[in-house]
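*Asks:* Residue-level listing of the chains:
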Amino acid sequence: MTHLHDDKIKFLEEKALEIRKSIIESLVEAKSGHTAGPLGMADIFTAFYFHILKHDPKNPEWEDRDRLVLSNGHICPVMYAAMAHAGYFPVKELKTLRKFGTRLQGHPHREYLPMLETSSGPLGQGLSQAVGMALADRLDRGQSSNRTIYSFLGDGELNEGQIWEAAMLAGREKLHNLVAVVDRNNIQIDGFTENVMPLEPLADKWAAFGWHVLEIDGHNMSAIVDAIDEAKAIFEKPSVIIAHTIPGKGVEMFQRDFKWHGNPPDKEQGANAMAELRTLGGQIESEHE
Amino acid sequence: MNIPLNPKLFDTDVEQAPIRAGFGEGLVLAGRADERVVAMCCDLTESTKMDAFAKEFPKRFFEMGIMEQSSASVASGMAAMGKVPFVSSYAMFSPGRNWEQIRTNICYNDRPVKIAGSHAGVSVGPDGGTHQAIEDIALVRVMPRMVVITPCDSVEARKATIAMAKTNSPTYIRLAREKTPIITAEDTPFEIGKAQEFFRSSLAPKVGIIACGSLVYNALIAAKELEGEVVGAVVLNIGTVKPIDRGAIVKLAKECGAIVTVEEHQVAGGMGSAVAEVLAMEHPTKIVFVGVQDQFGQSGKPEELVKHYGMDKDSIKKAVKKLL
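Chains as they are written, first to last, in our numbering: chain A, 1 to 289; chain B, 1001 to 1324.
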């Protein structure tokens, strides 16, 4: 495994901070949307768009690219922000989020933004689509394919039966070109996941369906990159990375409170959040190390 | 009327075959013509007639188990990678159970996935009401981008399957389980979106009968018998419910002045409703709808059920006479 150099880690952490600021700005402007999930996934999206993904923002249809299927579409503000900062479209376009005529629909829609791999929002459907992509990839390129199909899932959407249909199929097919990342932030709209519909023992469940399971701190850049390296080295089965994240990560007021799942900050809350993020500039470090 | 049909159409020993069998043949031919064609089935491979494809193209066939929801989404993912996926199950479960996956992952996403809903209609027979899809046309035709094809026999089903594999549109094809008479001939043309006149009485037409799927034969027999009873009728086969052939429908309504629609489906939301939508706007015409009247099906022999729910030839004749 190639570990990240310190300066690369610093670069990624600073990017993540920029992306968090863009998320807050776009949500304040939109006056609706989800806050907690996007902030919680900012580090993982940054790691993907600035280090892990094989992609070309100037040539989004590149056939050899990795595929990233976002299943829980409601966290799209982080995906839009990461894509904009990576060069897919101008950062200033983020201010059109959720407005009439925007390419940045409230839930992602590839008719308006064709560089998306799929439209999403209705929960539980992304993993199945990623399985379809992985099956097609193997059909065309066999075991030697150099593309990886990723699917990002929320933990709440694991309530959906369809997720486990897809997990069963991927397990049977031993789709080593498939890597799922579960945003384990422990909240969903009605409360804490273990109160609404318990998921634990979550790692055991995935393992029982034939998956290689990793658990990481989803705010630790090295851990994120290392986990992907390990997942790509597994050739017998699909891998799932259970990424423990803090919903609302980066802004004290939003953290760990499920009421921020589906609400945006108002202007004042947004200004406070921006101030907090700015003072943290470059200082975001793992809570667990 | 110059459309060539099976010359034995009105003979008592007319050949019979299940509509789904034509789909199975067409899928193999589509698979030979285009290696992008892949197929997946939800534990009903023989029933939905995907078995021949599975045998000839084992690598391009995917046994999905009993997971209709995931199958629609997996197919969308395959289409995203350039495949032309066909997904089959019973119509009750696909598009019945996986409607929202079809809407979001296939139609909203604009992926050219082909959904084959077999065992549609009450003519599934003894399995009973749980397995008799009589709402599927309504479910799929309201989805933007979706093309809806309802072949009238196995020969048309074969041609339709080959044709739909060549388009970039999400498409639904409605299939039936039981053997039904072969209406069309090898040289009957098929084009998605075109309705075809299958029968024209030598008498001046008083009623236009618009039929689809497994009941087109009943409509033809009814029209033929009506001629003997000095009632002129024209029968239009609606091979494609969406996009519907507006021109042919309006022309028929103008000529006949009265319309009977015939489908093995709820009268609410199906092909008859689609015809009514056209005529209400373009040429308001009195319509009698032959189909299931807001009821569920039940066990029985196919012909018993078709008669019980008022879709046999006598019911069609009665509907025509109501309009005279």
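These are computed hints drawn from the structure, not numbers from a lab.
What you are looking at is a predicted structure, and each value in this text was computed from that prediction instead of being measured.
Each hint should be verified, as a subset may be incorrect.
[Stated by the list, open to error] Per the computed footprint, the stretches of chain A lying under chain B, defined by three or more beta-carbons under 8 Å from a beta-carbon of chain B, are:
#1 111-125
#2 134-147
#3 159-172
[Claimed, not checked] Listed next, the in silico BS3-like pairs over lysine-lysine satisfying Cα-Cα at most 30 Å (straight line):
#4 K1206(B) / K232(A)
#5 K54(A) / K1059(B)
#6 K259(A) / K54(A)
#7 K237(A) / K1055(B)
#8 K1254(B) / K174(A)
[Unchecked claim] Between beta-carbon pairs, the in silico distance windows are:
#9 G1129(B) / D64(A): 48 to 54 Å
#10 T1130(B) / T96(A): 44 to 50 Å
#11 N159(A) / N1168(B): 32 to 38 Å
Even glycine gets a Cβ: it sits at the ideal position worked out from N, Cα and C.
*Asks:* Quick one: see if chain B covers the region 134-147 of chain A, three-plus residues with Cβ-Cβ under 8 Å.
*Replies:* Holds: 6 residues of the region 134-147 of chain A have a Cβ under 8 Å from chain B.
*Asks:* Could you grab the alpha-carbon distance between K1206(B) and K232(A) and see if it respects the 30 Å cut-off?
*Replies:* 71 Å, violated
*Asks:* Are the Cα atoms of K1254(B) and K174(A) separated by 30 Å or less?
*Replies:* 61 Å, violated
*Asks:* Can you let me know if the beta-carbon spacing of G1129(B) and D64(A) is within 48 to 54 Å?
*Replies:* 51 Å, holds
*Asks:* Closer than 8 Å Cβ to Cβ for three or more residues is the test here. Does the region 159-172 of chain A pass it with chain B?
*Replies:* holds (count 6)
*Asks:* Sort out whether K1059(B) lies within 30 Å of K54(A), counting only the CA atoms.
*Replies:* 28 Å, holds
*Asks:* Given the range 32 to 38 Å, decide if the beta-carbon distance of N159(A) to N1168(B) lies inside it.
*Replies:* 35 Å, holds
*Asks:* Check the hint pairing K237(A) with K1055(B) against an upper bound of 30 Å on the C-alpha distance.
*Replies:* Roughly 26 Å separates the two Cα atoms, so the pair holds.
*Asks:* Falls inside 44 to 50 Å, the C-beta gap from T1130(B) to T96(A)?
*Replies:* Roughly 48 Å apart at Cβ, these two residues keep to the hinted range, so it holds.
*Asks:* Three or more residues of the region 111-125 of chain A near chain B by CB distance under 8 Å?
*Replies:* holds (count 8)
*Asks:* For a C-alpha distance cap of 30 Å, please report whether K259(A) and K54(A) respect it.
*Replies:* 35 Å, violated
Against the hints set out earlier in the document, violations occur for numbers 4, 6 and 8.
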